[in-house]
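Given the structure of chain A, go ahead and fit chain B onto it with the hints provided.
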Amino acid sequence: MTRRRRSLVLALGVLGIGAQACQQEIAAPGACPAFCPSTRIQVVDTIIQGSVSGDSTFRGYVAAHRAASLQLVSEGAAPTSRGVLRFTQFPDSITAVVGGVTEPIVALDSFRITVRVRRRDENRSDLSIALHRLPATVDTTTSVAALVPFFADSTRIAIIDVPADLGADSTLTAVVLPDAFPTFDADERIAAVGIALHGPEPTFLDLGTTEGGRSALLTRFVQVENAANEMEPRSDARSPAVDTFVSEAPPPLPADVLAAGGLPSARSFLRVGLPRSIVDESEVSRATLVLRLAGAVFGAPGDTLQVRADGLAADFGPKSPLAIPRSIPPAAALLVGATGELRLDITQLVRGWRTNQSQPRIIVVRLTPEAGRLGELRFGGSAGALAPFLQITYVPLVAEVQ
Amino acid sequence: MRWGRLLLAAVVVSWGTPLAAQNSVFGIVGLGFPGRPISVPARALGGGTVAFDPLSAVNPAAIAAIRELTVTASLGTSFRSYRSADVAATGLEETRFPLAILAGTVPNTPLTFTASFSTYAERTFQVTTIDTIALRGAPVEVSDRIGSDGGSVDARGALGWQLSRRLSVGVAAHIITGAARLTAKRSFSDSAFIAINQQSVVEFTGFGLSAGAVFAPTPGVRLAASVRTDTKLTERVDERVTRTADLPTSVTGGLMLAPTRGLRLSVTGIWHQWSVSQDGVAPTGARAFDTWEVGTGVQLGGRDLGVSSLPLRIGFRYAQLPFSPTDAQPREIDVTFGSSLPFARNRAVIDFAVERSHRDGAGIRERAWNIGFSFLIRP
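Chains A and B supply the protein sequences, listed in that same order.
Oh and the first sequence: position 255 is 367 in the numbering used here, straight run, nothing missing.
Oh and the second sequence: position 159 is 187 in the numbering used here, straight run, nothing missing.
Excised from the complex, chain A in its bound form:
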């Protein structure tokens, strides 16, 4: 064996022995208190009153016509809401799918109106939705008061029963005759429909929208004259150019009261001041923002609101971008009509403040999804008797294990 080869074998031997040396298992139950480290992990749980030093509510983030859903609320309780659909213009002819030949419409047979259900209160049954004819000029600026005349019996074009077992992502359809839209041609083939929910008890029904990827659909069935001068059935369909819902506005926001949700959606910004000993010199195990509700939660009867507390990536006032953590904590559920306190988990947010010192220490309270529901949360501001506060569970940094 050459000297080089011997050296190689020796090196391999040392490496082999060293590799074994990496095994280690030293974790053991402590024979406490005598044979435990004197260091103790001290958990501190504290309520910090006055930790919210400034606040603002800004409204207008998402309007009803930009929401991912459209909430109908039946009559019998305040508030109620009604849906508004204005479909895009139908052409005056139909282009055949095969051959691309344009065929003039000779006769209008019927319409089929399809709406998609996103969510409902499964504890309510015997529901129906009534479809009403609306002026073709209806738009997103319309109001409940302006629509009242159009939700009369004389304008009703169809009633669709909602099956008791109807689940989410189901469809409801109604077929109406051309006289449902007597001014269809005069309105340049634009149709608009109002939707009202009816039931024995106050409840809600959420319908899909274009923004939510589940838009309503108006299908037109016609007769055309083909190239051989024969009558043939054809159909085409249009999505809504406007899909929104209208409701009575909640009462004005009192002084020292903040809001989240509603229409258009509102967000509340809470500026938080926490001691350095907690944020920078401790490890936060749990942080809770406690909001004290200013009255019962406003919204559709039986509905549950999802409330979130998020941080900001930068402070640009109302248009500040949100900082959504990689693992989004679950939103807090809040039943419409609830009173008392709402506790929001902000643990990840507060822990992030320690690692990212440039992040503004501002908490944004909002509903998710924004708009799409009538619900609005109102809670006390920092200057009032119902001021929010933080409850923090933390462990001061252990300087040395001894």
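Be a bit skeptical, because a hint or two may be false.
Computed beta-carbon distance windows for the label pairs [stated by the list, open to error]:
(1) A:Glu393 x B:Gly313: 23 to 31 Å
(2) B:Gly313 x A:Pro437: 37 to 45 Å
(3) A:Ser389 x B:Thr205: 28 to 36 Å
Here chain A is said to cover these stretches of chain B; the calculated rule only asks that three of the stretch's residues, wherever they fall, bring their Cβ under 8 Å from a Cβ of chain A [stated by the list, open to error]:
(4) 51 to 58
(5) 209 to 217
(6) 222 to 228
(7) 388 to 401
No wet-lab data here; the hints were simulated from the structure.
Idealized CB from N, CA, C, for every residue including glycine.
Below, chain B alone, put in the same frame as chain A:
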């Protein structure tokens, strides 16, 4: 080729076998579990040759026996279990590299030198506890794991001088350095509470000096003595001093007899004035005691005794331990044995030692198997 195969065979045989290093539940209290800067052969002899061993970092006069450049490193693994009135822990394993030495002669002088790294105080442990605390008005079960990985290290530079055939002297300077990574983890049974995981690194600094002599009044008798004094151990976390503790003065004395060729008897006693650390460890509730340790061993055969057969080393050691959580000072009794496998015309040697340790005190009974290997090369 033969020696290479033997080495590989040793590695293969020991693969997956638990190797043992020096650590103990008694290292949780005080400044840690004191390291033993001794070679594997000396460990196999119960520490009986420590005062004379040039490859142990105790008596700087012993290095005068160095004749050529020598490199050695050792590793050890411990398999431990301990029991108290309430707790029993088994299956504990730890591996460390407790000693590495470079030794040789200083050219054109009668001096010899060594540079070594050894464990000064081992502070490696992980302790788990379970408790129930009230949080936000509800009981929550918490599981804590507090650990430390590392310890203080003794970096020694020593010079030896053989004044005559009978007398050698030596001096050494010690720098105490090293670090331990500290962890404190707490997990909660309620998932609403995020687990806590804190880490920091404590760095150790300190200095020491030692001097010694080896005297051989007759060819078969050798006497040795050394003294070492250390300053303070300073512990820093993030540049902030978190603790200082006085370090002990140590006195070592030894006797070695070689009544006949191929037989060597040895005994070494060491006294450490660990009680000076009391003020430093008191805040943690620990007590510091002066310690005595006495080790004795017998070696039969071996090339270092002029016999071609493989050596057999057996030893016995009694030691007091310096730190305790109570007024009762713990003690340790070791029974040891070991041998050596020379290769390449004795230019490479693998030594091994096996120790059975019994440690008792302050309500704890600890039992350990410590297995040490060292690899020596004379290039």
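**Hint check, failures only** = Going through the list in order, the structure violates no hint and respects every one.
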